[in-house]
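The residues making up each chain are set out below.
Number of protein chains: 2
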Amino acid sequence: MTPSASEVLAPTAPSVPQLLERCRDLVRPALTEAVERLHPWLGEMAAYSFGWCEMGGAPVDASGGKGVRQALAVLGAEAAGAPARSGVAAAVAVELVHTFSLLHDDIMDGDPLRRRRATVWKAYGTGPAVLAGDALFALAVETLARTPGGPAGMRLLSAALTDVVSGQADDLLFAARPWTGPERVRPEEYRTMAERKTGALLGCALSLGAALGGAPPATTAALERVGRHAGTAFQMVDDVLGIWGDPAVTGKPVHGDLRERKKSYPVLAALDAPVPAARRLARLLESVDTPDEALARRAAALVLEAGGRTAALAQARRHLAAVESGLADLPLAGPAADELRALLGFLVRREL
Amino acid sequence: MTPSASEVLAPTAPSVPQLLERCRDLVRPALTEAVERLHPWLGEMAAYSFGWCEMGGAPVDASGGKGVRQALAVLGAEAAGAPARSGVAAAVAVELVHTFSLLHDDIMDGDPLRRRRATVWKAYGTGPAVLAGDALFALAVETLARTPGGPAGMRLLSAALTDVVSGQADDLLFAARPWTGPERVRPEEYRTMAERKTGALLGCALSLGAALGGAPPATTAALERVGRHAGTAFQMVDDVLGIWGDPAVTGKPVHGDLRERKKSYPVLAALDAPVPAARRLARLLESVDTPDEALARRAAALVLEAGGRTAALAQARRHLAAVESGLADLPLAGPAADELRALLGFLVRREL
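The listed protein sequences correspond, in order, to chains B and R.
Just so we're aligned, residue 1 is where the first sequence starts under my numbering, counting upward by one.
Just so we're aligned, residue 1 is where the second sequence starts under my numbering, counting upward by one.
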């Protein structure tokens with residue numbers, strides 16, 4: 001058995017689930033109202049992906065995700081000294097953008113399942129899922145355009161959108177590159193991709209919430225960097241879970257990322273290490289197109305031996321430390337700063 | 001031979017191609033600069049769809065379309081009394097949104113060709129085409145967010161985006177509805193769809209250009225309605241060409257829309273007419289899944305006999321008259337008003 005990551009990272013604050021629930025409850029009416037403005041068919045697909053209904057529109061209470069991004073937007077406003085409701089438009093916008101990107105990413109990645117339900121493209125078809133994503137994207141822009149303080153906010157949102165799309169492009173392109181040689185994917189490139197694909201929207205949630213709460217540009221810029229570090233740390237931990245996570249917790253098969261030949265950070269860091277295990281790992285990855293469980297287990301052992309797991313957790317710690325110091329340096333209001341710290345720690349540590 | 005539509009509608013102004021070229025030349029540097037900000041891979045797909053390059057990036061001079069929307073934005077600014085350059089950001093934004101919607105629509109409709117070249121999804125794959133469309137969408141928002149006068153403009157753009165997406169949703173849903181009975185598609189529903197799917201972005205081009213040129217809200221709202229009427233008229237004429245257009249001019253097979261069983265306006269208007277030919281048309285459409293050329297010719301004759309062609313051209317005339325009167329009622333500056341009138345007339349009449 002490998003050492004548990006919870007031995008490496010400190011435990012999470014106990015109040016985070018309540019905090020998430022408070023923010024979901026606060027944001028839900030505005031999010032519902034926005035989705036109801038959609039074309040009814042597109043609105044059904046949106047509600048399906050939020051876990052509010054089944055195909056055909058029958059109400060259901062499925063998991064629509066924890067709502068980390070909406071909570072960050074609300075806490076961003078509170079940290080700026082404004083009431084929570086000032087961050088609601090930002091929360092709605094980032095939640096819509098997040099769901100749009102999930103819908104389209106699932107098409108690009110061919111994923112049939114999300115949160116144990118059929119993905120939208122699998123349930124409704126590829127074309128309708130493309131369009132539903134577009135509608136959510138447009139609704140996010142419209143939501144912000146209707147909000148006082150829109151212009152500064154729109155710059156933050158559009159910059160994040162551009163980064164999310166660029167990160168996804170790199171992620172798609174990485175799959176086609178070789179495991180070794182000058183064209184290989186470097187661990188640093190992967191971290192940049194993760195910062196864009198995952199970190200940019202977390203940073204946007206925080207900074208947009210703070211901007212609508214009246215924070216000055218220096219504070220919103222600093223909060224954006226905090227969110228980006230949190231996103232990068234999150235991805236590092238997610239990659240560790242993608243190989244060594246408990247299937248009962250992650251809902252994914254053991255060694256899943258290795259069976260899918262995913263170029264995740266632990267693998268890339270292992271391949272980059274000047275050790276014999278790295279060369280054995282490279283030979284194994286290059287020789288097998290569809291690794292079975294035995295080969296995936298062998299690859300996982302080589303990634304571990306070559307230091308890939310340690311490197312990923314070290315990066316997670318490093319970016320989490322940047323989150324902590326970034327928050328400590330800011331003049332944030334009241335309990336929101338502590339709640340932010342707890343929420344970002346929870347996001348990164350999660351099931352570890 | 002059916003009567004030529006050019007007998008029904010007045011001839012077009014001769015200066016429109018020069019006008020379009022002037023606006024393309026004015027907008028091209030800013031559009032190029034925006035596309036160069038994209039991720040290089042997504043930028044290549046964008047440049048491919050603009051007709052600037054082949055797959056792989058080799059330069060080429062293919063048709064990227066006439067650039068009607070960018071010209072409307074430039075003329076909108078000039079009509080507001082501002083210099084043409086005031087409308088450039090609006091021109092770039094609407095051109096990016098237009099291209100985004102073409103990329104995604106081609107995926108939804110499964111169209112392999114556009115302007116006699118492979119569509120982006122056909123050339124690069126569905127996932128990359130989804131992402132390239134998203135990138136163009138984000139770039140449009142970013143372009144406007146960077147522009148002075150952004151907030152009012154963002155409301156116009158986001159409202160248009162919502163309508164474009166809703167119109168496309170209705171268009172997709174119409175295909176699944178029956179030809180007759182209470183669930184059939186009414187001609188009025190089709191016109192509303194066309195106004196959203198095609199008219200909203202034309203209206204946005206005009207109103208956004210005018211808004212950036214400093215026009216008051218009443219003027220931008222009136223110009224938006226003008227653009228919507230022009231889009232509806234355009235679609236009516238496009239539908240007539242989709243059945244009776246010259247394949248050498250349209251690049252589409254004769255009776256193409258009937259062979260594809262498209263629920264276009266002439267067909268829906270014919271089916272709605274209380275005449276025997278309407279009932280014969282309904283029986284024909286309901287009995288054949290893949291009409292051959294002989295059946296399509298028979299259907300075209302029945303649409304004509306039931307008055308579908310006449311009804312579509314009457315609607316085109318009606319909406320074009322609304323364009324003319326809308327422009328006449330506005331206090332527009334200098335030659336731009338005449339140029340707008342000429343351009344919108346050209347757009348509607350085109351190859352007729």
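Careful: at least some of the hints might be erroneous.
Because identical chains share one entry, a pair is satisfied inside a single copy or across any pair of copies.
In silico SDA-like cross-links for lysine to any residue, where the CA-CA straight-line distance does not exceed 20 Å [what the hints assert, rightly or not]:
#1 K262 to G127
#2 K252 to G149
#3 K122 to G110
#4 K122 to M108
#5 K66 to E183
#6 K252 to E293
#7 K262 to L102
To be clear, the hints were calculated from the coordinates, so they are not data collected in a lab.
Status of the hints after comparison with the structure:
Taking CA atoms no more than 20 Å apart as the test, K262 paired with G127 passes between copies only; the shortest distance there is 17 Å, against 26 Å inside one copy. For the homomeric pair K252 and G149, neither the shortest alpha-carbon distance inside one copy (42 Å) nor that between copies (48 Å) is at most 20 Å. In this assembly of identical chains, the alpha carbons of K122 and G110 lie at most 20 Å apart whether taken from the same copy (9 Å) or from different copies (17 Å). Proximity of K122 to M108 under the C-alpha cut-off of 20 Å is found in both arrangements, the shortest distances being 12 Å within a copy and 14 Å between copies.
In this assembly of identical chains, K66 and E183 lie within 20 Å of each other by CA distance neither inside one copy nor across copies; the values are 38 Å within and 40 Å between. Taking the shortest Cα distances, K252 and E293 sit within 20 Å of each other inside one copy (13 Å), while across copies they are farther apart (52 Å). Taking the closest pair of Cα atoms, K262 and L102 come within 20 Å of each other only inside a single copy of the chain (18 Å); across copies the shortest separation is 32 Å, beyond that limit.
Violated hints for the displayed structure, listed by number in ascending order: 2, 5.
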